[in-house]
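Those protein sequence lines, which keep their order, are chains A and B. Terminal number for the first sequence in our numbering: 299, no gaps in between. Terminal number for the second sequence in our numbering: 299, no gaps in between.
Keep in mind the hints are simulated off the structure, nothing from the lab. This one's a predicted model, so the numbers in the text were calculated from it and none came from an experiment. Any given hint might turn out to be false.
For identical chains, the list gives no copy identity; a pair is met inside one copy or between any two copies.
Result set (DMTMM-like, lysine to aspartate or glutamate): computed pairs, CA atoms no more than 25 Å apart in a straight line [to be verified]: (1) Lys-143 with Glu-176; (2) Lys-290 with Asp-224; (3) Lys-278 with Asp-224; (4) Lys-33 with Asp-270; (5) Lys-61 with Asp-275; (6) Lys-272 with Asp-106; (7) Lys-206 with Glu-262; (8) Lys-129 with Asp-224; (9) Lys-278 with Asp-232.
2 protein chains.
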Amino acid sequence: MASGGFKTRHLAVVGLGLMGGSLALALRQHADKITGIELNAVSREYALDNKIVDAATDDLKAGVSEADTVILAAPVQMIRTMIERRIGSYLRSNTLLIDIGGTKHDICEAMGKLPVGIHAIGGHPMTGKEISGVQGSDGSLYKGRPFVLCPTRRTTPATRLRALELVAALEAIPFEMEADRHDHLVAAISHIPYLLSSALVATVAKEGEVDPTVWELAAGGFRDMSRLAGQDVQMMGDVVSTNTQAVATLLALFRMQLAMLEAMLISRDDQKLADFLKPAREARINWYQKYENGYKNGK
Amino acid sequence: MASGGFKTRHLAVVGLGLMGGSLALALRQHADKITGIELNAVSREYALDNKIVDAATDDLKAGVSEADTVILAAPVQMIRTMIERRIGSYLRSNTLLIDIGGTKHDICEAMGKLPVGIHAIGGHPMTGKEISGVQGSDGSLYKGRPFVLCPTRRTTPATRLRALELVAALEAIPFEMEADRHDHLVAAISHIPYLLSSALVATVAKEGEVDPTVWELAAGGFRDMSRLAGQDVQMMGDVVSTNTQAVATLLALFRMQLAMLEAMLISRDDQKLADFLKPAREARINWYQKYENGYKNGK
Chain A
1 MASGGFKTRH LAVVGLGLMG GSLALALRQH ADKITGIELN AVSREYALDN
51 KIVDAATDDL KAGVSEADTV ILAAPVQMIR TMIERRIGSY LRSNTLLIDI
101 GGTKHDICEA MGKLPVGIHA IGGHPMTGKE ISGVQGSDGS LYKGRPFVLC
151 PTRRTTPATR LRALELVAAL EAIPFEMEAD RHDHLVAAIS HIPYLLSSAL
201 VATVAKEGEV DPTVWELAAG GFRDMSRLAG QDVQMMGDVV STNTQAVATL
251 LALFRMQLAM LEAMLISRDD QKLADFLKPA REARINWYQK YENGYKNGK
Chain B
1 MASGGFKTRH LAVVGLGLMG GSLALALRQH ADKITGIELN AVSREYALDN
51 KIVDAATDDL KAGVSEADTV ILAAPVQMIR TMIERRIGSY LRSNTLLIDI
101 GGTKHDICEA MGKLPVGIHA IGGHPMTGKE ISGVQGSDGS LYKGRPFVLC
151 PTRRTTPATR LRALELVAAL EAIPFEMEAD RHDHLVAAIS HIPYLLSSAL
201 VATVAKEGEV DPTVWELAAG GFRDMSRLAG QDVQMMGDVV STNTQAVATL
251 LALFRMQLAM LEAMLISRDD QKLADFLKPA REARINWYQK YENGYKNGK
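Given the sequences, and given the hints that come with them, work out the whole structure.
Right under this line is the structure:
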């Protein structure tokens, strides 16, 4: 066990996918014991064989009832259901409960109704990989990446400090904010991009019905703009459908920007068009530089 | 000089950027002499020093008047201006004139008014690189990538065959089609994606004015979706503003797809949402597989 910083006697990770497996690996030196709770037998087997966890079970109650730290690493709707229906009665008092769901309002609200004595706080790490599944687990997945923490009615000052230590153990960068603010920000940088990507692919597919050559000409620009549309539909559908208000607000803002661009094009106002495109280009270049050199490495 | 296939006595490449420099490198073994025409002295110097061209000049007339093959590798509006205003009177009869501009209607129309005896055909290679400038020149840039050829009123059967030989010399995949069809297809896979990317960055920038943390949380999804917004504004502004009709048509189609997605979200119709997202996901995955394994390698 590492000296100082985050320590836990018994860590339970609910959901052994890419995110959960990577959390277990990253917290290996900080936990005396790690139990994985997972319905999929193949994933359990893999996590055990590769020493990602010390024990594995498909029984939520048995898996979490002895833990002093529980991380919910499942899809958003499933996290919410676990919190609302069962997990409160399984947990010991003084347990730290944190999740990594992509939207925070519903989850944090549900956490606020847990029994007093549960240290519950919402979490959302801004990281991932192309592949999914526990087989891709990577102990450095969270390193240098933002990890948002959202307070709930069950977040005491001690909860907050333990969560910050956990984030530090992952070598992630903590961002503390209210759930609604989080949901608004991720609508802009994650949910709208996903919807745009899916709508773009649907548009090209419509074209493809008339003229299939469109697929053969598509190159690197389309590749990047369509990547998000290839993500898991259950996971992303969950995320956007639990954030409809923020998504609708940001979509309205996006439509305004696109309408302005279109008006400039149709009116053939090249100067206005350049005046729109140039600051967008500069903003992207500035951000990318910081992302590559700073944000991404935790500077 | 390679035996068989494309041969030229004197190739003139107008515009020594990434695309023009790469063309010169790829056609090195097929040309007795290559002249680069470029206003920027640093680019000329670089191309000469690195034996990308045999001669370089900033004088269009001097550069093209002895050539039997001329490739216009400049931004769209500049290509059009060169064709409309000057180049017809500089070229020898029987010269093959081809361009690589990103929209084809205006250019092909202008080519159609060149003196009889000029072998003019529109071209558009679907390739590129992150970087621009002659310093990034790469003889394999066109290899395995689509190269669209669009006929003009100055395209004879002989013109077409010479152009196809040129494309074969680049090891690119020829796609022959009318200019309008090309412009419609690239609106879907290239111009709309660029506008979406720019409008997305503008949307996040608006959010950033209120809450700058949005930039710090942005991760891989935003990185991919914003990349195109970082492209050269002059080049892309030129491209979209010379293709307004097709862009407006495709934007209307895109807006319909996005509106459908939004309606499903707001009405919380998770089944319909999944029914929309799943085929988009499958279309993307199918395309990507073909792009990586087939289209990209000319299979």
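> Hints broken by the structure, by number, lowest first?
Replying inline: Hint check: 4, 5 fail, others pass.
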